[in-house]
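We have chain P; now place chains W, D and Y with the ligands onto it with these hints.
Chains as they are written, first to last, in the numbering used here: chain P, 1 to 329; chain W, 1 to 329; chain D, 1 to 361; chain Y, 1 to 361.
Source of the hints: derived by calculation from the structure; they are not laboratory data. You may find that some hints are simply not true.
Below 30 Å or equal to it, Euclidean Cα-Cα: the simulated DSBU-like pairs (lysine-lysine) are [said to hold, decoys possible]: (1) Y:K155 / P:K36; (2) D:K155 / W:K25; (3) D:K60 / P:K184; (4) W:K36 / Y:K50; (5) Y:K3 / D:K242; (6) D:K238 / Y:K3; (7) D:K82 / D:K30; (8) P:K36 / D:K50; (9) D:K3 / Y:K20.
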Amino acid sequence: MSDTKILTLIEAVTAALDHEMGLDKEIVLMGEDVGKNGGVFRATDGLQQKYGDERVMDTPLAEAMIAGLSVGMAAQGMKPVPEIQFMGFVFPAFNQIATAAARMRNRTRGRLTMPITFRMPYGGGIHAPEHHSESTEALFAHIPGLRVLIPSNPTRAYGLLLASLRSPDPILFLEPKRVYRMVKHEVEMNGVALPLDKCFVDREGDDITLISWGAMMHETLLAADQLAKDGVSVEVIDVATVAPMDMETIFTSVRKTGRCVVVQEAPRAGGLGSEIAAEIAEHELMSLIAPIGRVAGYDTIMPYAKMEMQYMPSVERVVEEAQKVLKYV
Amino acid sequence: MSDTKILTLIEAVTAALDHEMGLDKEIVLMGEDVGKNGGVFRATDGLQQKYGDERVMDTPLAEAMIAGLSVGMAAQGMKPVPEIQFMGFVFPAFNQIATAAARMRNRTRGRLTMPITFRMPYGGGIHAPEHHSESTEALFAHIPGLRVLIPSNPTRAYGLLLASLRSPDPILFLEPKRVYRMVKHEVEMNGVALPLDKCFVDREGDDITLISWGAMMHETLLAADQLAKDGVSVEVIDVATVAPMDMETIFTSVRKTGRCVVVQEAPRAGGLGSEIAAEIAEHELMSLIAPIGRVAGYDTIMPYAKMEMQYMPSVERVVEEAQKVLKYV
Amino acid sequence: MRKSISFEINHLQYLDESAKPANDLPEFAKDTDKLVELYDRMQFLRAMDKRAVGLQRIGKMRTYPAALGQEAVGIGAGLALKDTDVLVPYYRGTGMMLSHGIKPHEILLYWGGDERGADYKDPIAAQDFPVAVPIATQILHAAGVATAIKLRGEKRAVMTEIGEGGTSEGEFYEALNVAGVWNLPFVCIVNNNQWAISVPSENQTKAESYAQKAIAAGMDTLQVDGNDIIAVHDASVKAMEKARNGGGPTLIEAICYRLCDHTTADDASRYHDQKVHDKAWEVEPVKRLEDYLKSLGVLDDKAIEAMAKDNKANVEKEVEMYFDILNNQPQPPEAMFDYLYAEVPEKTKPQREEAIRRGAK
Amino acid sequence: MRKSISFEINHLQYLDESAKPANDLPEFAKDTDKLVELYDRMQFLRAMDKRAVGLQRIGKMRTYPAALGQEAVGIGAGLALKDTDVLVPYYRGTGMMLSHGIKPHEILLYWGGDERGADYKDPIAAQDFPVAVPIATQILHAAGVATAIKLRGEKRAVMTEIGEGGTSEGEFYEALNVAGVWNLPFVCIVNNNQWAISVPSENQTKAESYAQKAIAAGMDTLQVDGNDIIAVHDASVKAMEKARNGGGPTLIEAICYRLCDHTTADDASRYHDQKVHDKAWEVEPVKRLEDYLKSLGVLDDKAIEAMAKDNKANVEKEVEMYFDILNNQPQPPEAMFDYLYAEVPEKTKPQREEAIRRGAK
Ligand SMILES: Cc1ncc(C[n+]2csc(CCOP(=O)(O)OP(=O)(O)O)c2C)c(N)n1
Ligand SMILES: Cc1ncc(C[n+]2csc(CCOP(=O)(O)OP(=O)(O)O)c2C)c(N)n1
Ligand SMILES: [Mg+2]
Ligand SMILES: [Mg+2]
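Chain P with its partners taken away, still in its complex shape (with noise of 0.2 Å):
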């Protein structure tokens, strides 16, 4: 029997941590701050002092430097759990990503392997300074050999964040930071991981479909609360696991719906929300009853804290777009 906590997101992180440092001798976590001052968000609060300084390194400033050491920590078996403090500061790591982390296995013919988390925070709505807001989860949706997990809340922190450290595969675990502290669960401590590669399915409809991921879920799953009350039955679709992507689920809903809305927070242009759609025109146009509706951060830099909120897609043009598109005959 396990038990239960409730707990926010950020805590469910670090629960998830907790409970696999606890089993797993070659989970490392490092990163800036991540030690005595258990992270900027508090994150890995408490670990340093349970597993000591070995297994939760302050690293010196250089985000390079943490991907590149995470490469070659792996290549010997270990598991590094790299903290990057903001995902705005994660370029500087990007080479090591893009050309190593994702590759070695293959390069390898599988002879080296790269079991490790890059977790980071992202995305806009805590009016934080500049560079603290983007969200580029597509630039690394992209890159062959890296898989892309995006938690909505405490209950699937818990359970991706554990088949993440879980997995032989590099994985950048993106943390809503929005989120961290917005809603509570009931999680079950049960050390249970939740798959890796497939879609939830967060309610079921039959008129429209609503797909997102990450902290716009909450503006989803409000939307369809509104949508309801005027009597539509609405899908709704937490991706999740946002790269490789679980096409079949969505597939599914959409042939049963023939109508759809992605909403994401990133920029419109080439984001998951068209990866999305095209594959969706590619192999269900003809269950499509209206045009697929995008919601998006506009194709513009994240303002600062001022304007912010004028930039990240909102409740009601969730509505309107799903309105349109349920309008569509």
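Structure of chains W, D and Y with the ligands alone, referenced to chain P:
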């Protein structure tokens, strides 16, 4: 009266650089081996001799540095033209391109502008070593603030590079290295730039639209030839200015043909083909008679030279996909 | 056979920990008006930081990075800039920015979450960079500005700044290397305040100084007491002058202590050793110069209080300008689009229209 | 007041330019069998490189980077690795790779465009990295391997290598910095062959040595004559031994000269100064040791020719294995997919099927 020269794509690049350097003293070429060696592909051949080593500068070996210096020089009103030796080595510069070059105008409300043309050879097909053959244009096309241009032939290389060098915006100018010496064009040496934001309709037709860019235009045009032999009337679009993308030209074509196939060399998931398909599925769904076909590189890492041609989309694949789309009723 | 190679790094201090001259003072420091000016500016910076942190506490400011304890670094170095020089600051560079024509309310606007805070209106600052948040990127920008200056044969120089933690980023080193080999008019100040958020300097590098990082680039370098503004200013003025005259780049490590939280989003008590912290207060820079000026009889408590009152009032004026622009003259929705490219791309125009339609939030 | 800090970098040479002992030889070098072994391996490397370049000229090899003139660096350092140590090579690291169990035909396969060339079959090399093409990335991998070794408390060490041009990349410096502060069992060889493709060393950095780059990281460092394999081997053995025993990291700059084109895709005559090039031939490493061994009477022309014949035959055997695998045992199409993830993702399965259907090309 301007004269005409028969040029390869790479010669057209050199010619455009030469032309504009003669007119605009602020243009400075820089990069690894661009000076005495004239670039590893010889794109800058002879230019250091002609303009001196303060206009064509060999840099130390560091891509972040090349990009970061360019940002500083641009802020001083210069027009740096950094060469990244191969696109596979642009990742160390990702941070500077994404967080500085693409944003500086916006973050200073237009005070500091970034007229930088980042040139780099890209794409596969020349049996080069590891990391020398990838097509990662989608990673940059998703970054607001950048323009991404890809010439498919000598004429366009000349006209689009002139446009880049005259643009106040930061531009990634991606040169399909497989085409460097593949075809020759009679290019008018008239110093006339092509538009930065328009697709080219290379062939007009009514039955199907084939959409591509860069080196794959070659396969696409050959496929169009083959299809034409079977009596298919093919419209062919060279997207060329891939970000921000000119959708109108594409929509107009799809409205006419009702069928389309996008051809890209890059991995399929999250490529520009997805963006094009998504836009069509949103705005022109009801013009479509058939699902949108995509021919793309596989979602895996570009194999080394020995298997490279198994990865690259072939004329045969384009023709087959077009036939599938054409058969659809 | 080749010989072995040797290097030496000097440490500069004029006023010692007890505010007594430890060395012959440089020429400028014999001018007490100049010293009072330096003091006044440090005082202003401290007052402004205090107010900004206070604003954050009451929800009228976003995350703000104060420079408490580091005033001598920012002001001492910043005042070495001439009008024609260029500043490429980092996020804790308020001292330098104020010293080069950037207005307090502009700095407040930036941290208050408004892009206009980086659109510097003073012509002196027209070429200066906005603060760099992605650590170490600015050092390359400074090298790029210096490259342009050098290529044009101008007698100007660039100053940039970085924290000691930031020196671990590769881009820092790439910038020093090119500044060295191209002999650029470039001066880089390392604000060694002992902490990179929670990571103490000894966990950042095994180098016994940050000055020695420049040896890797074959570049001139020295260490100064960052709590001694006379030392900081002297080293900075000389380095900038040398840079302007073709003498090449210099790195200056200024050793001080971060007496505040990393930013308002941080809680240093989680990791600070309170005793070390308290000890650092004993050698802090504003007090040091104050004591020296008092010992000379140039300032007394009354004069100091009067200056403090003035500075507070001046800060208040700037805070009002900040509020006025932020709240009474908000940017229109289309501002999100209008500065990204020289012209709004066709594809984005409908989005711009939508943003305008939806209006402010 | 703080004192100034000073540093010194030593230069190591045992055999001078005329192949005479310039210093007391280290113990191992008194064993002439050992010296003959070093010579033999350098000779093999040179023969293999020559053959590979020849294969490229006739279209049976892709771009290949020879190590002509740099044999003492690769072999001298590589033979300092024990079986349990780990090698993280760069693309010109053939010498080191051969010294640590990686097979010549594997190296040929890699450069021939077949991924299996990085799937090293010898257990000694099972943990070694494939060559790094993106410059300087490997130095961080080496630091990461060293981190794992250190965390596990093992008595092993890592060796990695980089060209002098590559030291300008920030990741190089980031690796040194962490190796220093974490006291990692890490040895980095800088192959200073004077050229980064067409860019000469003096345009790469103003540092008067590459050894001094390590001063920035507070790391032990020295310079050796890279044409003197006794110096290279001695320094490497000592550095590795120190690293295995908790003594921390070392940087070794080995000064030599690239006597070949950068790769088979390059034409050095476009930028080389032929006179400098010719002079470099006078001090090249294989000849140096050969002359010394001749002067000792250990080798004569006949013995040398016999060794050359053997080595050529051995190269030939490996070339045959290379051809056999490359041409007679091609990878199936699905190999493109089967090593990317632990399991082929659902979404990619149809692509895999398509590739199989389309078959080989
Ligand atoms: C590339 C990058 N990585 C991480 C961060 C997050 N971050 C902001 S400040 C800071 C510590 C900086 O310390 P230091 O360089 O010593 O400067 P200080 O803040 O002490 O002045 C970190 C890690 C960032 N802004 N940029
Ligand atoms: C990140 C990156 N940038 C550029 C290149 C292209 N390139 C390959 S080798 C080389 C020169 C390297 O010179 P050096 O480091 O001195 O090593 P050497 O080849 O002389 O051994 C360059 C620029 C690359 N492989 N990786
Ligand atoms: Mg600091
Ligand atoms: Mg070299």
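So, going through the hints one by one against the coordinates:
no.: 1; hint: Y:K155 / P:K36; verdict: holds, 29 Å
no.: 2; hint: D:K155 / W:K25; verdict: holds, 19 Å
no.: 3; hint: D:K60 / P:K184; verdict: holds, 28 Å
no.: 4; hint: W:K36 / Y:K50; verdict: holds, 27 Å
no.: 5; hint: Y:K3 / D:K242; verdict: holds, 24 Å
no.: 6; hint: D:K238 / Y:K3; verdict: holds, 21 Å
no.: 7; hint: D:K82 / D:K30; verdict: holds, 21 Å
no.: 8; hint: P:K36 / D:K50; verdict: holds, 27 Å
no.: 9; hint: D:K3 / Y:K20; verdict: holds, 18 Å
Going through the hint list in order, the structure satisfies each hint without exception.
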